[in-house]
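Engineer: Protein sequences appear in the order of chains S and D.
Oh and the first sequence: position 46 is 46 in our numbering, straight run, nothing missing.
To convert, count from 1 in the second sequence and add 1000; that's our numbering.
Where hints are given, some of them may not hold.
Straight-line distance between alpha carbons at most 27 Å, and here's what the computed BS3-like set of lysine-lysine pairs gives [stated by the list, open to error]: (1) Lys34(S) to Lys1350(D); (2) Lys34(S) to Lys1230(D); (3) Lys85(S) to Lys1225(D); (4) Lys1409(D) to Lys85(S); (5) Lys1301(D) to Lys34(S); (6) Lys60(S) to Lys82(S); (7) Lys1350(D) to Lys1409(D); (8) Lys9(S) to Lys1300(D); (9) Lys1225(D) to Lys34(S); (10) Lys34(S) to Lys1409(D); (11) Lys9(S) to Lys1225(D).
FYI, nobody ran anything at the bench for these hints, they're computed from the structure.
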Amino acid sequence: MKLIIAAIKPFKLEEVREALTAIGVRGMMVTEIKGFGSQSGHTEIYRGAEYAVNFVPKVKLEIAVPDSMADQVVETIATTAKTDKIGDGKVFVLDLQSALRVRTGESNDDAL
Amino acid sequence: MKLTKLLSLSAMAVAAPSLALAQDAPAAVPTDTVFILNSLLFLVGGFLVFWMAAGFAMLEAGLVRSKNVAMQLTKNMGLFSLASIFYYLIGYNLMYPLGTWAWDGVLSGIWGPGVLEAVGVTADAADDYGYASTGSDFFFQLMFCAATASIVSGTLAERIKLWPFLVFTIILTAIIYPIQASWKWGGGFLDGMGFLDFAGSTVVHSVGGWAALTGAIILGPRIGKYKDGKTIPIPGSNLTLATLGTFILWMGWFGFNGGSQLAMGSVGDVADISRIFSNTNAAAAGGAITALILTQLVYKKPDLTMVLNGALAGLVSITAEPLTPSLGAATIIGAIGGVIVVFAVPMLDKFKIDDVVGAIPVHLIAGIWGTLAVPLTNSDASFGTQITSIVVVGVFVTVASAIVWMILKATMGLRVDEETEINGLDMAELGMEAYPEFSKG
């Protein structure tokens, strides 16, 4: 199993969710986050004083999938979240040790 | 101002019967009706100015951080209520000696609570039958005094302790404001010199501004506001509330300036009040649009907080003379108020004077501008007298405020401790929050 963590532009969330459910992803966790990557920050002005916006808002997805689906999920996120402009986000893939469905006690692939 | 109105109206009342006898002459307004209409103007104007307290509270709540909102609202409730009590106990008679001076033209000889007319008073027992009821006059004037105190709280927000701030409010509303107001509106020496300040660009707004400036210098800036020679912005928590507050103040200003006509018992007075309403609105619009355009040009993006300050600066600018300007002149006078805001806000930051809501540019600097603008449209005013009066009031309020602030600093202490300031005054001093679910951070 893999745990896929993706940071994407917030307005792309709905599109990415639809694309992922279409390829059979059955659950995900979503968090509103702030962070910086190569986009880093930018400066704004409030009441005449300049200030740096060091962290920009993103949405973080956490998706646990069977090994067989991982590449397809990464691919789908990459294509749907892409705008070709700086700040499109990142996708990370981690090995996942175990999974458990609380209600039934099913584990690992059956729990996903 | 009350006295001069009283004389001209009494003269009118005497002249009225003979006028009524002349053929084709317009029917004179009966004295009863004049009394009723004048009192009504004070009451309606007064409750509009009262509502400005809500405007100040919302503006300040929106421009402070969420961790200080409940405290800012507490200060606004406290200051308005204390102003009501102490203007009654001392301020009203100190401001209106009605000719009984301890020091001629400078200090009232009446130190005591205000007294209203008897219940169901009749014409012959009224304090001033030819003019208006005492209760309406007291109610109207009280609101101006409270507005002065409201100006101070915004500048000093987020770091001043509650109780010393409220003690200052008492001194300001019981003594400092009424004494200088007696110099103009109580028929004192500034009035005698020919100083013109219709609704109080100097008497109300600059007074609040000077007291706020003195307090801000003595109190020092908020932690983290100025670092390595740079200004670090501290954005407000809720610009929706700040905008609502600004519109409430804008509305209240119709009572502030319109009511300051001080009479509504004739065609001329009602027409003048109409001019004042229209000019007041025009000046606010001029100030807001100027700030909108200027922030776009100077900073590349419009700054809503400056647009709000711009509207208020426009209102303060027209307050010294809302009657004589044309609509066009009123718009320009207000627009210059908007210019003042855009350049004075960063200028104060250069001096490390931390004015949380921009009250010093809006009320003090635009107040001075408005007072100086009177001779532009009113030939009865002179620049010399206007400047002298600005300086006299400024020196008195600055010195008096500085003394009170320093005494409070030495006795009660003015600032909350560092930990309280960082955690927010809401939890540390009140133990409650305006927005419990997201006030952390």
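Engineer: Does each hint fit the structure? Answer for all of them.
Structural biologist: The hints, checked one at a time:
Restraint check for Lys34(S) and Lys1350(D): the C-alpha separation of about 32 Å exceeds 27 Å, so the hint is violated. Between Lys34(S) and Lys1230(D) the alpha-carbon distance is near 25 Å, which keeps this suggested pair within the 27 Å criterion. Only pairs whose Cα atoms come within 27 Å are accepted, and Lys85(S) paired with Lys1225(D) is rejected, the gap being roughly 34 Å. The straight-line distance between the Cα atoms of Lys1409(D) and Lys85(S) is roughly 55 Å, outside the 27 Å bound, and the hint therefore fails.
Under the criterion of a C-alpha separation no larger than 27 Å, the hint pairing Lys1301(D) with Lys34(S) is consistent with the structure, at around 23 Å. At most 27 Å may separate the alpha-carbon atoms for a hinted pair to count; Lys60(S) and Lys82(S) meet this at roughly 15 Å. A hinted pair counts as satisfied when its Cα atoms are at most 27 Å apart, and Lys1350(D) with Lys1409(D) qualifies at roughly 25 Å. With a C-alpha separation of about 25 Å, the suggested pair Lys9(S) and Lys1300(D) falls inside the 27 Å cut-off, and the hint holds.
A distance of roughly 23 Å separates the Cα atoms of Lys1225(D) and Lys34(S); the hinted pair therefore holds under the 27 Å criterion. Among the hinted pairs, Lys34(S) with Lys1409(D) is inconsistent with the structure: their alpha-carbon atoms are about 42 Å apart, more than 27 Å. For the hint pairing Lys9(S) with Lys1225(D), the CA-to-CA distance comes to about 32 Å; that exceeds 27 Å, so the pair is violated.
In terms of the numbered hints stated before, the structure departs from hints 1, 3, 4, 10, 11, listed from lowest to highest.
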